[in-house]
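If you read the protein sequences in the order shown, they are chains A and B.
Residue numbering for the first sequence follows my numbering, beginning at 136 and increasing consecutively.
Residue numbering for the second sequence follows my numbering, beginning at 4 and increasing consecutively.
Treat the hints with caution; some may be incorrect.
[Said to hold, decoys possible] Partner residues are not named here, just some residues of chain B that face chain A (Cβ under 7 Å, in silico):
id, residue
1, Pro67
2, Leu69
3, Ile74
4, Gln81
5, Lys159
6, Ile180
7, Tyr197
[What the hints assert, rightly or not] So these bits of chain B aren't anywhere near chain A, every CB distance computed over 12 Å:
id, residue
8, Glu7
9, Val28
10, Val32
11, Val51
12, Arg53
13, Ala57
14, Gln119
15, Lys120
16, Met128
17, Trp131
18, Val137
19, Leu145
20, Arg213
21, Ile217
Since the hints were made in silico from the structure, they are not lab data.
Keep in mind that this is a model prediction, so the values were computed, not measured.
Ideal Cβ positions, reconstructed from N, Cα and C, are used throughout, including at glycine.
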Amino acid sequence: MGLDFSVIPKYLDIVLIGALWTIAITVGAAVVSFFGGILLAVIALYAPAVVRWPFRVFSFLFMGTPLLLQLFLIYFGLVQIGIDVPAFVAGVVGLGLHFAVYNSELFQTSILAVDKGQVEAARTLGLSRMQALRKVVVPQAIRDVIPPIGNNMIALLKDSALVSVIGVSELTLSAQRAIGSTYRPFEFYVLVAVLYYIINLVMETVLRHVERRIQVSR
Amino acid sequence: MDYELMQRVFPYFLEAAWTTILLSVLTAVLGLACAIVGASARFSRFAVFRILGAAYVSVFRGTPALIQLFILYFGGPQIGIQLDAFEAGVIGLGLNAGAYMTETIRGAIIAVDKGQKEAARTLGMSRWQAMRNVILPQAMRLMIRPLGVNINALIKGTALVAAISVVELTYTAQRYIGSTYKPFEMFLIAGVLYMIIIYVVGLGIAWADRKARII
Numbered sequence: 136m137g138l139d140f141s142v143i144p145k146y147l148d149i150v151l152i153g154a155l156w157t158i159a160i161t162v163g164a165a166v167v168s169f170f171g172g173i174l175l176a177v178i179a180l181y182a183p184a185v186v187r188w189p190f191r192v193f194s195f196l197f198m199g200t201p202l203l204l205q206l207f208l209i210y211f212g213l214v215q216i217g218i219d220v221p222a223f224v225a226g227v228v229g230l231g232l233h234f235a236v237y238n239s240e241l242f243q244t245s246i247l248a249v250d251k252g253q254v255e256a257a258r259t260l261g262l263s264r265m266q267a268l269r270k271v272v273v274p275q276a277i278r279d280v281i282p283p284i285g286n287n288m289i290a291l292l293k294d295s296a297l298v299s300v301i302g303v304s305e306l307t308l309s310a311q312r313a314i315g316s317t318y319r320p321f322e323f324y325v326l327v328a329v330l331y332y333i334i335n336l337v338m339e340t341v342l343r344h345v346e347r348r349i350q351v352s353r
Numbered sequence: 004m005d006y007e008l009m010q011r012v013f014p015y016f017l018e019a020a021w022t023t024i025l026l027s028v029l030t031a032v033l034g035l036a037c038a039i040v041g042a043s044a045r046f047s048r049f050a051v052f053r054i055l056g057a058a059y060v061s062v063f064r065g066t067p068a069l070i071q072l073f074i075l076y077f078g079g080p081q082i083g084i085q086l087d088a089f090e091a092g093v094i095g096l097g098l099n100a101g102a103y104m105t106e107t108i109r110g111a112i113i114a115v116d117k118g119q120k121e122a123a124r125t126l127g128m129s130r131w132q133a134m135r136n137v138i139l140p141q142a143m144r145l146m147i148r149p150l151g152v153n154i155n156a157l158i159k160g161t162a163l164v165a166a167i168s169v170v171e172l173t174y175t176a177q178r179y180i181g182s183t184y185k186p187f188e189m190f191l192i193a194g195v196l197y198m199i200i201i202y203v204v205g206l207g208i209a210w211a212d213r214k215a216r217i218i
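Using the sequences provided together with the hints, build the complete structure.
The structure is reproduced here in structure tokens:
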């Protein structure tokens, strides 16, 4: 069986809609992983031991196991405890939590790297511990950590292909649907690879731009 | 928590863990081989090789590993490449890991002080001699830890071959979650086995890193 790329136009709309879903999942999971990462970092550094330890174990487990396995746990686990969420939500939560754990490591390092004098100055000015953390320390920590967080988000885009296995109809799964009716896996998977590559390039360009903007403001 | 069930299925997970280990080892070896070729291409005197090397890294890092596996395994037969799922897994994951490792090796070589190369060239060494006798020995030390990070990611990445039905840890967990409806128990068994593998490999990397240090 040779190659025949002429089958693509007929199914192009299905695949492109899938690409939009991939973008939606990536953005959703990126937001979850960003704020989740900050929250986990603050808990890991400042919460009392009773709260801290369960989160440590959770982070340890999520750092040491494959994303695919975690997606199965979240998708089927939620169903088991009686929460029947749509696959899309399970996908966003799974991807988001996975990368939140990785982002949290970055945030922890950068929070600790913020000069101690900053906290002392804020406290002297009458800010509470929480206020100092929220208004002085975290904003500075975020600025320093944008480039590596950006790299994690690019990794997240590529890993979003995995949510196809729990039935989220994003780019990969929509290609599989098209393949189901055409039996042309090579053509459609190459098309999908090209689309991922383009989204990836756009994301990288945007991130480089953001990085430059941050450097200027120093 | 259903301990009795966990005990009953554990032997099957253990068997699957061996497949995961075998996959990881083969993928790491193939990945390193690709990375050595890739990094050599990126430092080549000839622009063609430099461009090919850069294209390899860009394409394999710019698209999902899962799609690369699917192209190879499902699309391969259309262009005359017949592989079973395990072979496709090793080759697909190895090519993917090779792209990341190429960048690691390149980074380590660039990180060696420029003066070292200049001094070697001044002493009359050829480009190749300077690379082999002066730069690479220093770069090797720098690349052990980051290669360890690559290998760590690669071990977790082997889970992807579950999607092309290779019976390894994640596939086994998925199958038992489907038949027993005990996702947490199955996740725990597979997760602990993954972490043991990663921990042992981590010890090996740390040992190599200690050995390679001068001071």
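Hint check:
1. Pro67: Status holds, d = 4 Å.
2. Leu69: holds, 4 Å
3. Ile74: Hint holds; Ile74/B Cβ to chain A Cβ min 4 Å, cut 7 Å.
4. Gln81: holds, 4 Å
5. Lys159: holds, 4 Å
6. Ile180: holds, 5 Å
7. Tyr197: OK, holds: Tyr197/B within 7 Å of chain A, min 5 Å.
8. Glu7: Holds, because the least Cβ-Cβ distance between Glu7/B and chain A comes to about 18 Å, which exceeds 12 Å.
9. Val28: Since the minimum Cβ distance to chain A is about 17 Å, Val28/B lies beyond 12 Å and the statement holds.
10. Val32: The claim holds: Val32/B sits with its nearest Cβ about 20 Å from chain A, beyond 12 Å.
11. Val51: holds, 22 Å
12. Arg53: Non-interface label stands for Arg53/B: nearest chain A Cβ at 20 Å, farther than 12 Å.
13. Ala57: At roughly 14 Å from the nearest Cβ of chain A, Ala57/B sits farther out than 12 Å, so the non-interface label holds.
14. Gln119: holds, 28 Å
15. Lys120: holds, 28 Å
16. Met128: The claim holds: Met128/B sits with its nearest Cβ about 36 Å from chain A, beyond 12 Å.
17. Trp131: holds, 33 Å
18. Val137: holds, 31 Å
19. Leu145: Holds, since 19 Å exceeds 12 Å.
20. Arg213: holds, 22 Å
21. Ile217: Given that every Cβ of chain A is farther than 12 Å from that of Ile217/B, nearest at about 27 Å, it holds.
Checked against the numbered hints above, the structure breaks none of them.
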